[in-house]
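So you can see what is in the structure, the chains are spelled out below.
Protein chains: 2
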Amino acid sequence: MTKNAFYAQSGGVTAVINASACGVIETARRHLDKIGKVYAGRNGIIGALTEDLIDTSQESPEAIAALRYTPSGAFGSCRFKLKSLEDNRREYERLIEVFKAHDIGYFFYNGGGDSADTCYKVSQLSETMGYPVQAIHVPKTVDNDLPITDNCPGFGSVAKYIAISTREASYDVRSMAKTSTKIFVIEVMGRHAGWIAAAGGLAADAQNDIPVVILFPEIEFDQDRFMARVKANVEKYDYCSVVVSEGAHWPDGKFLAEQGTRDAFGHAQLGGAAPVVANMIKDALGYKFHWAVADYMQRAARHIASKTDVDQAYAMGKAGVEMALAGENSIMPAIIRTSNSPYAWEVGKAPLSEVANVEKMMPAEYISEDGFGISDACREYLVPLIQGEDYPPYENGMPKYVTLKNAPVARKLADFKL
Amino acid sequence: MTKNAFYAQSGGVTAVINASACGVIETARRHLDKIGKVYAGRNGIIGALTEDLIDTSQESPEAIAALRYTPSGAFGSCRFKLKSLEDNRREYERLIEVFKAHDIGYFFYNGGGDSADTCYKVSQLSETMGYPVQAIHVPKTVDNDLPITDNCPGFGSVAKYIAISTREASYDVRSMAKTSTKIFVIEVMGRHAGWIAAAGGLAADAQNDIPVVILFPEIEFDQDRFMARVKANVEKYDYCSVVVSEGAHWPDGKFLAEQGTRDAFGHAQLGGAAPVVANMIKDALGYKFHWAVADYMQRAARHIASKTDVDQAYAMGKAGVEMALAGENSIMPAIIRTSNSPYAWEVGKAPLSEVANVEKMMPAEYISEDGFGISDACREYLVPLIQGEDYPPYENGMPKYVTLKNAPVARKLADFKL
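Quick mapping for you: the protein sequence lines, in order, are chains A and B. Residue 91 in this note's numbering sits at position 91 of the first sequence; the count goes up by one each step and never skips. Numbering-wise, this note's numbering comes out as the position in the second sequence, counting from 1, plus 1000.
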């Protein structure tokens, strides 16, 4: 029996989430006997709620293939968390209604912890509502905070970007340190977990003796110890690089970066830890500084994506479809590391009941004892994830990313007010 | 007759200044009958003044070849402008003295406008002091502000980085705009001239209909007109990208970014226009924003350097040596554009008397009539400069940049106090 599939992108997009979309759509197209059309949600799950579906069958094979090397969310994403079933059963029921209207039997939701939760609930509710949908969560998040899976697609590429940018900027400040800039501060994403900040530690290695001080969200900021460390580095190396997480905070929990504004989920909107830290160093030690804030550049930097990450993102999309075809439900394909050296991984699976609402923190032993760097164990974990380059094609000096047609599917239901 | 050569890097470093060093050293090594050793100044011209010379002959051919793909200044650079001859004849005389002590007959100075001026004066003074030195200026500056040469090595790569980063981040914000971020602001370098900001305009093209608003240092900031433009873009596209130059300023000349600190030359130290602009939009229009500051990342981003830029940087170093061997003096090799389409260029030369202290501004006709974008003429100028990719080799997922031994040359003179 042929059913259509629904695919949606959720939350902050990444350099490789479209590679997962590519994996889903290309794999579905190879099983037209079981999966009719793949509909995508325009702007994520909101597209399903408002019955604003995109007919991906209108896209050429070349356009779908180009998703593999196009950053961001080709169908649009959203920050929209469905309320709990008790508080808003209406939204879940609407999803099922839209799925039913469009003969959708497969739900592929590509996101992080919140969307795993939604996916899980849809799967449960659809059974009880008598319209069973196979709900598969495809993992994605630069924050690398999903449980069970060894790592999350999206993280490897942002890690590679931050590691390279920190190394490159450190070479720069090293050149300038004699008479000018001695401090370079780069601010990176990671509100709760220091995974991305940790990647800055890869700037240094056996061939690159670069003094990098990392300010993790896991470690309470101690201004005196930090200044002592920066000073010691400048005295030894003549310069110092600092990687500060947007989630770095004072002992009382206040973010170094706090701006006072809040996002749709009520989270404090961050940005600005770098200038705070740079000026603090200037005031205490008098060193001339430069600072950068990588922001969206870090998670959109498909031009320097990790090949491992791209491969895994595609594999997760592909495995999601294959699991659905094998009858699986309420599940997430996961990356299982089978060997560190040489690095090897395989596709595993995680029940959504164990994924939803579980946040994987960085192990304490990944942070060096002094709290300012990464341990060998952390390096062993991170290095495989940034392996390989997977350059997009270029035209006229610019990467040739695809913008899809995103043709709408004719609506069948009445309007729904969000 | 064999003479040694002296090479120094000056001012802010770039992704390709070492490619010029590579061109100088590799070419000199092919003419050992005329050029003995190439000494480099440790930390630029300060190395000459303090007789802190580096013996580049200690470096293997492989290490010198690796300079071609290593960003920043491998010998160290400095921000140190020699005073005028009248005010500080002592420094110029010291330079000649050091050159004489080390049998240096060729002076290759790799920098921007200030170093062209120093180079010019050294050439003049060395004649009158009876120790003639052939002084050749090798052009370098991300600011693209040297006269005569069509463009400056270093600029093409930063332009490519900013164009790509703006495109990638625009794809990201476009994905998020429905429920979250609608505004992305990226701050770029360029204190006096909007060359780098203009490169942000390349994010959009016939295949990429991206709304990019540029705030140039050439155009006085008009808050009302700017807000109207941002609002119109968001109403049409649902999002808007803004590229703001660190040199963007109010009608009274005050920088949007002013931090109150000043660098060694007394220039205001900038950084922070992006958060200013982002918050201004939030206050006026209520749109959620993200902002990035590219800072050193933009000029160190050798991982995505323009091949045209790398080739030209190397060619300028090579041509400098060839001109010296041909007996030229007080001159700068220059890039002469001979055709736009297909792009073609050749090596020309510019007398230092016409280069020193002349700053090339961006032509007014390169800015669109509304002041917020680039004209077709500007695009025609910029596009060839970002052509081609020239990826460095990678090892373990990271670019394999070289750090030289930088072995010192034995000193022969008494100390000199700067």
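No wet-lab data here; the hints were simulated from the structure. Using N, Cα and C, we set each Cβ at its ideal position, and we do this for glycine too. Where hints are given, some of them may not hold.
Distance windows between CB atoms, simulated [unchecked claim]:
(1) B:E1258 x A:A228: 48 to 58 Å
(2) B:K1081 x A:E62: 53 to 63 Å
(3) B:Q1223 x A:K282: 28 to 38 Å
(4) A:L418 x B:D1209: 25 to 35 Å
(5) B:D1252 x A:K282: 23 to 33 Å
(6) B:F1416 x A:K231: 26 to 36 Å
Calculated from the model, a selection of chain B residues having no Cβ within reach of chain A, i.e. all distances over 10 Å [claimed, not checked]:
(7) K1034
(8) Q1058
(9) Q1124
(10) R1167
(11) Y1171
(12) A1300
(13) A1301
(14) E1369
(15) E1389
(16) T1403
To see whether the hints hold, each was checked on the structure:
1. With their beta carbons about 31 Å apart, E1258 of chain B and A228 of chain A fall outside the hinted range of 48 to 58 Å.
2. Taking 53 to 63 Å as the suggested C-beta distance range, the pair K1081 of chain B and E62 of chain A conforms, at roughly 54 Å.
3. A hinted range of 28 to 38 Å for the beta carbons of Q1223 of chain B and K282 of chain A is consistent with their spacing of about 29 Å.
4. Under the hint 25 to 35 Å, the C-beta atoms of L418 of chain A and D1209 of chain B, about 27 Å apart, fit the expected range.
5. Look at D1252 of chain B against K282 of chain A: about 26 Å separates their beta carbons, and that is inside 23 to 33 Å.
6. Between F1416 of chain B and K231 of chain A, the C-beta spacing of about 29 Å keeps the proposed range 26 to 36 Å intact.
7. The beta carbon of K1034 of chain B sits about 29 Å from the closest Cβ of chain A, which is more than 10 Å, so the claim that it is off the interface holds.
8. For Q1058 of chain B, the requirement that its beta carbon stay farther than 10 Å from each beta carbon of chain A is met, with the minimum near 18 Å.
9. Once the 10 Å rule is applied to beta carbons, Q1124 of chain B is consistent with being away from chain A; the minimum gap is 25 Å.
10. With 10 Å as the threshold on Cβ separation, the claim that R1167 of chain B sits away from chain A is violated: the shortest Cβ distance comes to roughly 7 Å.
11. With a minimum CB-CB distance of about 4 Å to chain A, Y1171 of chain B fails to clear the 10 Å threshold, and the non-interface call is violated.
12. Listed as outside the interface, A1300 of chain B is inconsistent with that label: its C-beta sits roughly 4 Å from the nearest C-beta of chain A, within the 10 Å cut-off.
13. At the 10 Å boundary, the C-beta of A1301 of chain B falls inside the reach of chain A, the nearest C-beta of that chain being 6 Å off.
14. Listed as outside the interface, E1369 of chain B is consistent with that label: its C-beta sits roughly 24 Å from the nearest C-beta of chain A, beyond the 10 Å cut-off.
15. A Cβ of chain A approaches the Cβ of E1389 of chain B within 10 Å, the least distance being about 6 Å, so the stated non-interface status is violated.
16. Under the 10 Å C-beta cut-off, the non-interface status given to T1403 of chain B relative to chain A is violated; the minimum distance is some 7 Å.
The structure is inconsistent with the numbered hints 1, 10, 11, 12, 13, 15 and 16, although it conforms to all the rest.
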